[in-house]
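Q: FYI, the numbering for the sequence shown is 0 to 288, going by numbering that gives the first Met the number 0.
These aren't lab readings, by the way, just hints derived from the structure by calculation. The reader is advised that the hints may include incorrect statements.
Unchecked claim - Within a straight-line C-alpha distance of at most 20 angstroms, the following computed SDA-like cross-link-like pairs (lysine to any residue) qualify:
#1 190 x 180
#2 286 x 92
#3 190 x 60
#4 139 x 156
#5 111 x 168
To be verified - Between beta-carbon pairs, the in silico distance windows are:
#6 155 x 211: 22 to 28 angstroms
#7 44 x 255: 43 to 49 angstroms
#8 228 x 58: 46 to 52 angstroms
#9 144 x 269: 43 to 49 angstroms
No experiment lies behind these values; they were computed from the predicted model shown. Note that beta-carbon positions come from the ideal geometry of N, C-alpha and C, so glycine has one too.
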Amino acid sequence: MATWSAPGKVFLFGEHAVVYGKPGIAMAIKPRVMVTVRRAKRQKKPNSSYIAECFRQMGVSGSVYVRSQLPSSSGLGSSAAVTVATLFAINDEFEMGKSPEELSSLAHIVEKNVQKGRASATDTYVSTVGGMVLITGNTKRRLPPQPIQLVIGNSLTHHNTSEMVGKVAELKRTRPQIADPIIEAIAAVTKCSMHHFNNPRELGNLMNMNHALLDALGVGHPQISRLVLAARAAGALGAKVTGAGGGGCMFALCSKSAKTRVAGAIEACDARAIITTIDTQGVRKEKDE
0 MATWSAPGKV
10 FLFGEHAVVY
20 GKPGIAMAIK
30 PRVMVTVRRA
40 KRQKKPNSSY
50 IAECFRQMGV
60 SGSVYVRSQL
70 PSSSGLGSSA
80 AVTVATLFAI
90 NDEFEMGKSP
100 EELSSLAHIV
110 EKNVQKGRAS
120 ATDTYVSTVG
130 GMVLITGNTK
140 RRLPPQPIQL
150 VIGNSLTHHN
160 TSEMVGKVAE
170 LKRTRPQIAD
180 PIIEAIAAVT
190 KCSMHHFNNP
200 RELGNLMNMN
210 HALLDALGVG
220 HPQISRLVLA
230 ARAAGALGAK
240 VTGAGGGGCM
250 FALCSKSAKT
260 RVAGAIEACD
270 ARAIITTIDT
280 QGVRKEKDE
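Let the sequences and hints guide you as you build the complete structure.
A: Below you can see the structure in the form of structure tokens.
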């Protein structure tokens with residue numbers, strides 16, 4: 000058997016705008032998904048459509064055991080992490096010899112097939128390589144890792160990525176004079192952020208701006224707003240939604256001394272807090288138990 004793990008991610012800046020070729024910055028985080036694959040003569044039906052599609056694409060049968068530290072349908076890239084870890088574990092267990100680049104590309108195909116064409120390549124790429132990544136159109140570039148301290152707030156409200164992407168697309172179609180300047184402003188915030196990673200307070204201000212712009216695009220949610228405001232009131236330097244919006248997760252940028260206080264404020268709002276930081280490692284092989 001072979002066990003591989005892959006990290007989740009947060010979108011620090013630029014979600015939704017990145018769909019239209021604007022820059023976005025995503026970062027791998029410490030919580031991971033671990034997948035164990037074992038050869039089997041007959042395919043045991045997986046309880047995940049992503050895992051089933053991984054085996055279909057690789058053309059083999061096997062059994063799978065998954066352990067996840069990431070909540071699903073929350074904007075933290077759990078499906079991408081499952082997909083990446085599963086493909087690498089299959090490749091290892093069946094000695095198929097595919098390169099990391101091939102597997103990363105295949106992971107995006109798996110996500111596109113399962114999500115009916117709506118999937119971005121960002122999640123699977125970040126899960127594969129780890130660290131911090133700048134995405135612009137079809138170009139992805141790793142940025143120097145930054146010691147960013149985050150508290151993630153899981154609103155426990157599931158969201159639908161395709162629905163939120165479609166909502167923004169509809170606004171862009173019917174009200175381009177409103178939507179287009181907002182998308183351009185999000186792009187400007189993302190570009191500005193690249194000059195302030197050594198200035199946490201200014202970085203936090205830019206995160207607050209990005210959150211307000213996403214609200215203006217219509218992808219906000221009352222519980223996410225509640226968590227963002229609670230985190231800021233508890234001393235976060237900045238806080239915003241991550242991912243498609245409409246529920247899911249937010250995160251707060253914190254000083255080391257404020258992390259526990261901000262986490263407590265988030266949990267006081269009937270949500271779950273995860274204290275984390277950047278994961279510079281992407282997908283990796285784990286020791287078999």
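Q: Indicate, hint by hint, whether the structure satisfies it.
A: Verification of the hints:
For the given pair, residue 190 sits about 15 angstroms from residue 180 by alpha-carbon distance, which is consistent with the 20 angstroms threshold. Between residue 286 and residue 92, the direct Cα distance comes to roughly 13 angstroms. Compliance with the 20 angstroms bound is thereby established for this hinted pair. Restraint check for residue 190 and residue 60: the C-alpha separation of about 45 angstroms exceeds 20 angstroms, so the hint is violated. Under the criterion of a C-alpha separation no larger than 20 angstroms, the hint pairing residue 139 with residue 156 is inconsistent with the structure, at around 30 angstroms.
Under the criterion of a C-alpha separation no larger than 20 angstroms, the hint pairing residue 111 with residue 168 is consistent with the structure, at around 18 angstroms. Separation of residue 155 from residue 211 is about 23 angstroms and conforms to the stated range, judged on CB atoms against 22 to 28 angstroms. Look at residue 44 against residue 255: about 46 angstroms separates their beta carbons, and that is inside 43 to 49 angstroms. Between residue 228 and residue 58 the Cβ separation comes to about 50 angstroms, which falls inside the hinted range of 46 to 52 angstroms.
Checked against the hint of 43 to 49 angstroms, the C-beta distance between residue 144 and residue 269 comes to roughly 33 angstroms, which is inconsistent with it.
Checked against the numbered hints given earlier, the structure breaks hints 3, 4, 9 and satisfies all the rest.
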